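Protein chains in written order, with the working numbering: chain A, 1 to 383; chain B, 1 to 596.
Because the hints were derived from the structure by calculation, they are not lab data.
One should not assume that every hint holds.
Think about it this way: if two alpha-carbon atoms lie no more than 27 angstroms apart in a straight line, the pair counts; the simulated DSS-like pairs of lysine-lysine are [to be verified]:
#1 A:K293 with B:K67
#2 B:K376 with A:K120
#3 A:K224 with A:K129
#4 B:K212 with A:K117
#5 A:K117 with B:K376
#6 B:K67 with A:K117
#7 B:K67 with A:K298
#8 A:K120 with B:K67
#9 B:K533 with A:K117
#10 A:K224 with A:K293
#11 B:K376 with A:K129
#12 A:K112 with B:K588
#13 A:K116 with B:K533
#14 B:K376 with A:K112
#15 B:K540 with A:K116
Predicted, not measured: the structure shown is a model, and the values here were computed from it.
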Amino acid sequence: MEILLVILVLVLLSIALWQLTKIFDLTQVGDSDDSQVANDSDNNIQGYLMFGFLAFIYIFSIYGLIKWGPLVLHTPASKHGETVDNLMNITWLLIFIVQAVTQVLVHYFSFKYRGKKGNKALFFADSNKLEVIWSGIPAVVLALLIGYGLYAWVDIMFVDENEETIEIELYAQQFKWSARYSGADNVLGKANVRLIEGVNTLGVDLSDPNAQDDIVVSELHIPKGKKIHFKIRSQDVLHSAFFPHFRAQMNCVPGMVTEFAFEPVYTSDEYRALPFMVEKVKNINALREAKSKELVAKGQAPLDPYTFDFLLLCNKICGASHYNMQMKVVVDTPEDFKKWLSDKPSLVQEVKTANAPKPVEGEVGADSTKAKDTAAIAKMAMK
Amino acid sequence: MSAEVHEHTHEHEHHHKDTFITKYIFSIDHKMIAKQYLITGIVMGVVGVLMSMLFRMQLAWPEESFKIFNVLLGDKFAPNGVMANDIYLALVTIHGTIMVFFVLTAGLSGTFSNLLIPLQIGARDMASGFLNMISYWLFFLSSVIMLSSLFVEAGPASAGWTIYPPLSALPQAIPGSGTGMTLWLVSMAIFIAASLMGSLNYIVTVINLRTKGMSMTRLPLTIWAFFVTAIIGVISFPVLLSAALLLIFDRSFGTSFFLSDIYIAGEVLHYQGGSPVLFEHLFWFLGHPEVYIIILPALGITSEIIATNSRKPIFGYRAMIMSILAIAFLSTIVWGHHMFISGMNPFLGSVFTFTTLLIAIPSAVKAFNYITTLWKGNLQLNPAMLFSIGLVSTFITGGLTGIILGDSTLDINVHDTYFVVAHFHLVMGISALYGMFAGIYHWYPKMFGRMLNKNLGYVHFWVTAVCAYGVFFPMHFIGLAGLPRRYYTNTNFPLFDDLQNVNVLITTFALIGGVFQLVFLYNFFSSIFYGKKAVQNPWKSNTLEWTAPVEHIHGNWPGEIPEVHRWPYDYSNPAHDVDFVPQNVPMKEGEEVLHH
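This is chain B alone, in the form it adopts within the complex (with noise of 0.2 angstroms):
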């Protein structure tokens, strides 16, 4: 790594000097910090599927001794390898945490917005390198006061990633809302500080240093993607900012924003007049919104992908800005969807339906035009198109489901049910995973000059494919067949016994998915030292990224940005021999815009 230093400091010494703190730790350059914000993502998802792999095996194997746990969970929350129950909640909790903020947002929507806008818009740095700097360093010490909950004498914070109040607000109702939820709440209001600060900086590039000819729609449809994933993020994470604020004064300073009438461990506190359902539409009001900033960078990712690796351009451009907005849109008022039967007005139940059930116009939209790009394409198959078109499936099997928890009348019955977590699972979890897989093969290059090992990536996606499938199927039955989420076990229900073989085959499919994320994490840290050295531009794309150096350098291009001619998707352009015609290619003489 040093002689990498070396090189890097002595080719551009006419720039100000790089220490090795400026350079790797407090850097301002939106490349590394794209790269910072990856690996602490990988790192935090590494602990959150152990942790699901954990706990499936408490429900695959109810109360079983497994060393394994005691390794892990310690002799207090796993007695003789024995999970107990309090831990399983908390293992959820954290997982779903982890999973939603810390991979699928922070390390999806952080690491490409940052490594890319600049990039392919043509910009120097982030408008504000300093404050994209803040923003990172804010969110490791999410982070890491998040992980130091685990250790916390109590456990960690196990109401939910929801966090409900009472629950989340009283240690008499379960231990993890002590001290555990304490630094949940303090690590989620820093995550937030640290998500605004980057959102702000998203927006502001954006809209400000674009290159000449850059107009809004010659933009990839990445940028569209993070650009509107970031003002959903303005819009919805102060909510929840303010609610976890809320919930501080609640627990701490005795006020009652959301609490009343409360009798619990033989004493009636103090509580009166607030409102748990109010804790809802607030967490709510950001809780939705938030499954959008998960997914639409992993759609903007694939949209960039399959139109490259299909050597064609995306099919209806305009059609699938339109269709990020109205999902944009849509997506801060269906929130009630969630609240359905939460006490709230039925006659808010309908209006929820409606709005909520007309996200699947948009959806379908894009959903059809992925696979009309795919349509008489040339496609190549690269391992970043294979997760690509994984999304396109995924997407598809999870959101159909959702026509049944968004229809009020289905909801009842299924709500709080496996059902859902097979849907979310599949049309959030996996699909925004699989763009951020997308992503990391096919920019891996852009990253750190080299390529990932193919094979791997392919051994890596069929794996992880048929795992998916296998873990989150029969999970739908599981969930009709009546069986509540996060229950520690079902042995208490001889009604549920039929489905404890279900129940072992998802947790089966689970080990193995999980345990074949080695096969990626070998791939992607070897691969830094030791992975094929990367040429300009591997995939014969369009897009401005590909025609700056492999070597990083501040300001992304040693002499003049490039000027944008056209737009990012003549892949195949009749006019052309070449397959491919990049941004900055001046029109030729004569050369007619072939889209609308």
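One chain only, chain A, in its complex shape (with noise of 0.2 angstroms):
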């Protein structure tokens, strides 16, 4: 209701500005018919507007970069991500350097030079120079910042066939994010989504002899300082697997298979532990706290408090609950990794065990799962 009531005085307010103008018009001398041209007194005082808004552009500049600059993505999680964060400040340098000075420029021109009867401007209509100047300067900046980014681009992008990395797929589905593992052979099995039944959401192709140790789970954990050799699918419709604190993303497209490498260089742990993120998190549960206040009021259940975790999510819009699927991301110590990893049962066992018979269940839909069962067998077989 608050809002309505803003809206409300808002349009109250421009009603009274509107009548402001009204007077204002009245107290002009005559009904001249170039009264809706900018006169002197218009120009002056539009002028110095001009260079009140240039304040203001600074002053909010400077506001926001001191207010939300510690809002922003800090230290990267990944290896790849330092020569990204090294890319961006230097171009964001570059960008305050020429937005400081063009704004000056065009706002304190346009109150420097406000018209005045009589005055004249200057016939200025071109300069060869000075076009050299302005095209040749940004393109000997950009070649280099071009040069960079496409170095950093090809490190990023193409993965070196020799390096040893782990094999991660991940699997999209409306608000949903599952990871398989490749096991000991570190090569995932085919898969296909007419394969998909029961367990098998992955439609992983069981009578594949490399799909025999793969292992799904629905929480990533991968290990510190190795690089992960991500393979990314998708089910239905595009997603998007973003991992901002690794400087990673890549689409996950329906019918093909994108992929995306990065090494995390801190482990979960270490990561909480860095100095930045013990204050945003302080932050954060500061939040929480005040809004948890203010939902027991309210009779509701306050909030939990918050710890850090990295996180993997979708970006790119993939239905009403898109705003919702994420998957929690763990980085290990590779011991604790191999460990979390053994306790895991491969996807064959699973369905193995999914499939075995069920007293319980009644006769027609024992008859099913018998069929299915054996089809699964003579699949396992077939290896």
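With the hints in hand, could you dock these two chains into one complex?
Written out as structure tokens, the structure is:
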């Protein structure tokens, strides 16, 4: 309801302004035909406002940098992230310089050269020298940026075949992520959505020898210091696998496998302990506590306190619950990672357990399960 | 109004008689068609802006109950005044579609190309007035269809304005992809037909119907911008049409152009062998040139207004033409920068990074030429001039962040976050809107024979300018914090809790800025009837449209079409005493051309 009141106030405000301008109009002498064309007094007022607006842009920018600067993503958690952030910082420096200078020129000139009756503007139509300067300088600067950018891009996007990596499949479906580990052979078994059945929700081809040791999980664990090569699939619509802290993103496209590789350089625990993160979490928890008080006063449950976790987000509109498609990502030490993975059953085992005859089921149901069973066993036997 | 009609018909009875229908509805007069485009564009703009205000409220105060949601969206989409998540996506989708195509393409380009091309090149009308009329009415039809899609049961299209399949192809994936999406596609197909007819007409008119003496290098920059925009449109819009048709085939006739290997709602669909990435290529082959289709006319308008109101020639006339041509050429080979992480070959990413960053060069040339035009001018700070200066400011601010997004390496992390939203809203949304407002304030006297109130114009500009920065400057930060766009709410991510205050601030500016557009609407509609009568050349401008009488007549000039003797930017020419020399004034004895 507050918002309606706000809107009402604004409407009244604009009516008041309109009334003011009407009064202003009436006070103007005569009703000359050019009364709606800027005169010297308009030029004066608007010129000063232009100068004021320059101040506004500057103050607002500096205020924003101080107040919101700390909110942006900080230390990259992946090896290539450092290159990305370096390039980003160089680009930012350039942008700030150009922005600071050009905005001054635009607004200061608008103020300085505000019109006055009797003044005559300078007839200055062209200068090849100036045009060369301001097409040449950007060209050189951009060439450097493009050079650095392309060098980094090639480094990030092309995975060296000889490099030792861990292969993991990321699997997207509407509003849920899964991950498939390639197991001891480090090769993912073939898969196709046409093979989706029961607990085999990823459509893994169980007859493929490479699939026998594949493991499917719903929480992603990766080891620090190893390059992870993600193979990415989607079963229904476009999704995008976005790991903001690792500076990694790749779309998930039904019908094809996309890829991205990165190497984590902090474990989750180490990243949590970084000073900026401690500060950020403290800040978030203060906000959540305040919110909790409000909620409790309204008779609702309070919010849980927050601890930081790396996240995988969906970053391509994928349906009504797009805003809630996420997976927790844990970076372990290589030892912890090995231990965690060894506790997980392989997909083949899971399928076997799920297909084991269940005595509680009715006749018809049991029949159909049995049929599937034999099919699965036949497939297994074929390997 | 009837008095006006009477007066008008009386004035040239020698001409054929206009009925109400041929004058105001099925008119073939380019000036009337321009007004029709403008008013339709404004109506669509009101809808588009209102939608953004609604979803901004949801973002600032997620899942809170507002009566206004219930009133506007109904019980199904806002039960108890809480906005539902699927209608949120629908609002975002239709907001984008309306603003990009219906307001900033048709409303901006349609209005000013129609109004100014014949008047500024010295033609009696468009090459084909009839085609022009059909073009407007198809545009009108597509607007009606687009708006009617808001009322279908499952809701309008909600796959984002880029309508990537499979989401846009499968009603199982999102309810808006049913009838709503069908209407979207039909509406856009008709829109494209309208746009093509308009563009072909503009091109033919500029090439064939220039008055005596109006060589290509004496054309005002507005005409250059409209001409090149029309060419880009003719090259790229048909590709979107083909994409839309193929999508219709996939949706309705079971083909697999864009779909493959899909398992949804518990079953495998029959599609095999298609690729959503193909759709992305086709879409962005229009989608990227589209942003130049939007911004170039705004830049053309700005060039004209800044020169006139600075009382100075536009600096670097030829460089401006070259940069328009360079931007147009490059615009057709950069579409892949929307697809760095789409799964296409990373090698293509390198190529598109290269071509994309090249665009910064002609853009920088334009920005610096505007700044130099202001230097040592005698600036007449009319509302149109303020909006033009505002455009230069936002075009720079928004354009600079393009260096980040155009660089594939940096795009990885800001792709599809609010950083992108901030970037393109400033560089082509707000800038083009400023261009449109500037054009309206400047050519209102030409369109309606009356003046807009300047003080309301000043209020409109300053509130809009502060709010535009207020909305989009903080938005860069929440994008850099990693917040994805098109999220109904970020309350499911405690990680983003510290961004909520920023969202509230953004929404506050958005609501104030949105409401203050009422000042403009009031000014616009009341001045049609009660505005001060305009003189023939209120801004003391050089271009030919101001040599035509204030009262509109068929054929634009009562007698002969004026002949052109000079370029359009002889402002403060030292050889003359007055500070402007219209294009139809013959060169004085011994007068030299003072520009290249």
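Hints violated by the structure (listed by number, smallest first) | Of the numbered hints, 3, 4, 6, 8, 10, 12 do not hold.
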